[in-house]
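Novice: As a plain string of letters, each chain reads:
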Amino acid sequence: MFKIEESFKDIFEKYYPKVLKQISWMIKDEFKAEDIAQEVFIKFFKNPPRYNENIGGWLSKVAINHALNYIRSEKNTKTRELEVFKNTQEEFFEDPEEIAIKRFERAKVKEVLLKMSKRDMMCLILKHSGYSYEEIAISLGIKKTSVGTTIARAQKKFKELYEKEV
Amino acid sequence: MCYDEGTLQAYLDNELDEITAKNVEEHLKTCDVCREKLEQLKSINEFTSKALKASNIDLNEAWATLNEKLSKNNNKGGMFAMFTKYKKAIAALVVVAFVVSSMLFPPLKNAEAELLNLLRLNKMQVITITPDDIRQIQNQFYNAGVKNISIKDYGEIIKDGSLEGQQISPDELDKVESILGYKIKLPADENFEIKHAYISKSEGLEFVLKVDKINELIKAFGGTHLFPKELDRKPIIINFDREISMNLQKKGSEIDTVTLNILKTPEIVVPEGVDVDKVIDALVNLPFLPENIKRQIAGVTDWKETLPVPLSTDNNTEIKEISVRGNKGILIVEKSGPHFVALGWIENGVMYNLTLWPNPAEDKQDFITKEEAINTLIQIANSMR
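Chains as they are written, first to last, in full-length UniProt numbering: chain R, 1 to 166; chain V, 1 to 385.
In short, the hints are calculated from the structure, not lab data. We treat Cβ as the ideally placed atom computed from N, Cα and C, and that holds for glycine. Any given hint could be a false lead.
Unchecked claim - Beyond 10 Å from chain R on every Cβ pair, some chain V residues (computed): (1) GLU15; (2) LYS195; (3) GLU230.
Unchecked claim - Examples of chain R residues toward chain V, derived with CB under 10 Å: (4) LYS9; (5) LYS21; (6) LYS28; (7) LYS108; (8) ARG119; (9) GLY141; (10) THR149.
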């Protein structure tokens, strides 16, 4: 189907880690993040971007929408059981102390991220998920030339907030 | 001249063009202020990187899961974009017949057999295959002590492609017919715009069967209708023309939801001296086919012109026949939402397939009911000219 068929796997290999990282910073449930990342690629496969569109930017935009949709719908649904299940699975082979620290740190990072403006938060998430400046610009609808400035400011802000939070 | 934070950050992230990067580098050699700024940015960068460090991702596993989901998705709707995938579906019917996997071998040149019998499949007939049918076939094989079958023992399926595929921009659609080499109709529904189009390469599927082996298998199952010996090790070729696929986007919406595939009906070339009726007779009477499938195959009155479209169905799939401008169309609907809907028909020797992909995770306002989904496709189908 479409031009994608030949290179679908290449695109997947290049972008899946980015999309997954991006989503797992946006939502609480990492287990669900994988699901959503998969959905993004299913959408990509079925309804690929236009032939002249930037693939990374497109994927990241769709990932944002899917994650936001999930966050919205999550408010109305119980996901507790799922989370319990997820944790038991994850922890099976790991040192409990380490897990506790890891989870605490992760939760803290998410909390800090949520205190930032949406644009700063997304900019940080996208950068550290491995997207290029061009992709970030497309995804967030900002100029490529202002990506560097946004990142610099957002990172500074992040560090401040993180250090305030004990 | 000193550089601003944004430029230095971009420098750090390797996002500057070569010339600017060089200039920054030169400047940094002499400017303490900027060097200081860069160091600061670097340390913050490392700090955030560390905080936002992600866990390991198993790409192989993710890829496997995605494939599983995609194929599940396909079966869910009964099928996957009927005509794009149905090249595989034809192979699948043969696969059901010979119980082989759809292994594809490296392309070979068509054998230079004298090919005379030429069939153009201008009608289509859905053959539904339920999970139960597959289980029945499996059971039969199991009971007969046949546990491992290798496709190579029974024949080969060879895929032969020529001409590369190409993208067509929406304003070049008038050139499409000359590229395709046949006449088509295009949608003129004012609510939808053609967003992009792609013409795939033409393809041939070649089946080379080891008739003696297949007949042995039929006999082992107590069957008496055998394949004609003349067919042995000669190629049956199914030729597919170039296909065009396009995405239709609803005006005012950001989402491409409808895909349209157009393909000239395939042509089957049977080796000279082979009695097509005998082949069909053997196929219809394969002893290990479940009654359900046999009945359907027997119901096809004109095999020389009819294209069997095998669809695997479940309880959630509804298949209806409807008329598209006087042509028999097949409508496939997923009963519970989000509704996957597909509409296929053949008109003047060309097959059309419209598919509406539901967007479960999109905003609720994009969510349409089953009736709306069906009507959307029928409207597009009726607008084609």
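Novice: Look at each hint and say if it fits the structure.
Specialist: Verification of the hints:
1. GLU15: violated, 4 Å
2. LYS195: violated, 6 Å
3. GLU230: holds, 37 Å
4. LYS9: holds, 7 Å
5. LYS21: holds, 4 Å
6. LYS28: Violated - the Cβ of LYS28(R) stays beyond 10 Å from chain V, reaching only about 15 Å at its closest.
7. LYS108: OK, holds: LYS108(R) within 10 Å of chain V, min 8 Å.
8. ARG119: The hint is violated - ARG119(R) has no Cβ within 10 Å of chain V, the shortest such distance being about 14 Å.
9. GLY141: Cβ of GLY141(R) sits 13 Å from chain V, so the hint is violated.
10. THR149: Check passed: Cβ of THR149(R) comes within 3 Å of chain V, closer than 10 Å.
Of the numbered hints stated above, those contradicted by the structure are hints 1, 2, 6, 8, 9, listed in ascending order.
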